[in-house]
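2 protein chains.
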Amino acid sequence: MTIRTAIVGYGNLGRGVETNIKRQPDMELVGIFSRRSELDTDTPVFPVADIDSYADQIDVLYLCLGSATDIPEQATALAAKFSTVDTYDNHKKVPAHYEAMDEAAFQGDNVAVISTGWDPGLFSINRTLASSIFPQSQQNSFWGKGVSQGHSDALRRIDGVRKAVQYTIPREDAIESAREGRGAKVTSHNAHLRQCWVVADEADQERIENEIRTMPDYFVGYEVEVHFIAEDEFVRDHGGVPHGGHVITSGELGGTHNTIEFTLALESNPDFTAAVQVAYGRAAYRLKEAGQAGAFSVLEIPPYLLAPESLEELLARDI
Amino acid sequence: MTIRTAIVGYGNLGRGVETNIKRQPDMELVGIFSRRSELDTDTPVFPVADIDSYADQIDVLYLCLGSATDIPEQATALAAKFSTVDTYDNHKKVPAHYEAMDEAAFQGDNVAVISTGWDPGLFSINRTLASSIFPQSQQNSFWGKGVSQGHSDALRRIDGVRKAVQYTIPREDAIESAREGRGAKVTSHNAHLRQCWVVADEADQERIENEIRTMPDYFVGYEVEVHFIAEDEFVRDHGGVPHGGHVITSGELGGTHNTIEFTLALESNPDFTAAVQVAYGRAAYRLKEAGQAGAFSVLEIPPYLLAPESLEELLARDI
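Quick note, the sequences are listed as chains A and B, same order.
In this text, residue positions in the first sequence follow the UniProt record's numbering: the first is 1, and each later residue adds one.
In this text, residue positions in the second sequence follow the UniProt record's numbering: the first is 1, and each later residue adds one.
Careful, some of the hints might be misleading.
As the list claims (entries may be wrong) - Just the calculated beta-carbon pair ranges, DEER-fashion:
1. Glu103/A to Pro95/B: 39 to 49 Å
2. Thr2/B to Pro216/A: 42 to 52 Å
3. Glu176/B to Ala290/A: 37 to 47 Å
4. Gly255/B to Glu103/A: 36 to 46 Å
5. Pro216/A to Gly255/B: 36 to 46 Å
6. Asp40/A to Pro308/B: 48 to 58 Å
7. Ala96/A to Gly221/B: 14 to 24 Å
It is worth saying that the hints were derived from the structure and are not from the lab.
Glycine included, each C-beta is placed from N, C-alpha and C at the ideal position.
Build the full structure now, drawing on both the sequences and the hints.
Laid out in C-alpha cells, this is it:
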C-alpha cells in the first residue's frame, strides 16, 4: 500500500517535503502544484489552477504555503477537495484556523491535519503532555539557537548594512532557572540573547551598532551582541538556517522536584519542519482510511499513526 | 463531572497515586483495595477479595501492583471488571501483556491502558515520535542518574556491607556522541557509570570493593566507582529514589544534522511514575465514555486526553 501524495507550494518548505517524501518507504509523490510552470525539479509540475481535477489521484496534499496570507486564502478550498497537512504557525489564530478547516474538511469528507512542524507541533505535544503530568507545573519555552527572520530583516533595513543575520539564543541561566522550577521569573526579555552578525564598512559600524541597540521592540530591553565581520566570513559561516529550543516543565510531587525537558537542535529549520509535516501525512491518510473526517490538531493524533511501522512492531521495539 | 477512581496495591506506587489523585480537579478516590486490613491512610480501605462488588462505583482502577508476579496473575481478572491503568514494565513481555489485557477488557467492555509511567511510557512515546520524523535515525536511550534497585540489592548481599546504594549515571561523552549522531557505537556498557555508596567497617573495605568490581553481569565491564562513607552521611544523603534519563534521536535531513532529545530529571521515581499513571486514568475514562473497549498502549492515546483542560483550552494555550 502506497500513499499517493502531492505538494502545493514550492519554497524552502515544499522543497524539504519533496526530498523527504522520496525517502519514505510507503509514499509516492504524484506531483507539485505551483503557479509557476517551470520549477527546478524532476518531479512532475502541474498548474495549481487545475488542482481539483487531480482529487482522485491524491491521498494526501501537503500545503507548503505561507501562514500570513496563502493559508488563510487557499487552505479551506483545498481541504474541501483533499486530505491535507499544513504547518500554519500563527499561534493566536490556530483555533480559528482549526474551525475553518474542520468545516471544510468535514464537508469534503476529508481529514485536515493542522499546524504540524515543531512550534506549533512537537512543542505543542510536549507542552500538553508535560503539563498534564503535574497537578501544578511551571512551564517555559525557549527558542534557539536559531535565525530570527524578522530580526534579520530589521538589521538589513539599517542604512549601510550589506549583510546581516540575527540569532536568538536562550540564556543558560534562564534555562537553568526553568529546570530548577524558578521559571516563573523568566520572561522573553531576560531569557534570550540577541546575537547579530553584520557586514558593513568600518566607518558605519559605530552608528549601526547604536541603531541596533536602540531599536524599540526588536532589541531594546534584550541582551544584544553585535559582531561585525568580513563578507567572506559571513558567507562561509552564516548561510544556514539553524533553530530549535526547549520546552521545560517542572512540578513538585510528594515534596520532590521533577523536570521534563524536550529539546530540539536543528541545523535546518525548514527541512525539519518538512520532516514533521511529512510524517503527519501518514496520520492523515490513516485517519481518513478509518472513516474519520474534519480537522485534527497534533494533540488529537495518537503517536503510532506517524510511524511507517505497524503498531505491533512499535510495541515490540519502542515500549 | 468527577472521575471515580480506586487503587489496588499500596506500596510506594500506590501511595504516590493516592497523593496525586487528591490534587486532581476532576477525580475522587473511592478507596484502596488491599490484602491488608490496616493501612496507614485516611482513605477508605477495602478487602481486595471483595473488589468485584464495587464495579458500579468505580470508573477507573489504578493497578499499583508489581510487574514480576502481581500483574501477570491479577491484571486480566481486574480488567474484565474495571477500566484499568497499569505500569507494567517488563519491556519484552509488553506485547503479550497487551494481548491478554485486550481480550479481558474487551470482554468486560472496559478500557485497559497498559505500561504507563516513563519507561515504558513517556520514553516510548518519544521513541516512536522521534524515529517517525526521520527517514533514517540513530536513537539512544540513557538511564539515570538513578537508583538501580537490582544493583543496590547485589551490593547489600556482599558480606560486611551494612548499607549500600548504586546509582546508574549516563556518561556525558556517550550522551554527546548520541547528540552528534555517533550513537551507533554507544553500548549499555560504555554509556553508563555505576556509582556505589557503601557503609562498611574499614577492615572489610578492600575486600568489598574487590568483590564489587569482579561481580559478573552487574559490574564487570562497566566503569565503576566505589565510595565508602559513614552511616550518618549515608542516611542524610542517600535516602531518595531519583531517576530519569534521555531519549536522543538524530537524523540527517537534506545534508543537515538534526537532534530531538527528551530528558527527565526526577527526584522521585515512584511519585513521577504515579503522576503519569494518574494522568492516563483520565484517558481511560474518556476512551470508555467514547464507547471504546480493549487495551490501549500509550502510543495509541491522543495527548489531549491526558489533560484536565478541554481541547479548546489546549488549542488556545499550548499550540
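Here is what the structure says about each hint:
| no. | hint | in the structure |
| --- | --- | --- |
| 1 | Glu103/A to Pro95/B: 39 to 49 Å | holds, 40 Å |
| 2 | Thr2/B to Pro216/A: 42 to 52 Å | holds, 50 Å |
| 3 | Glu176/B to Ala290/A: 37 to 47 Å | holds, 42 Å |
| 4 | Gly255/B to Glu103/A: 36 to 46 Å | holds, 40 Å |
| 5 | Pro216/A to Gly255/B: 36 to 46 Å | holds, 38 Å |
| 6 | Asp40/A to Pro308/B: 48 to 58 Å | holds, 50 Å |
| 7 | Ala96/A to Gly221/B: 14 to 24 Å | violated, 58 Å |
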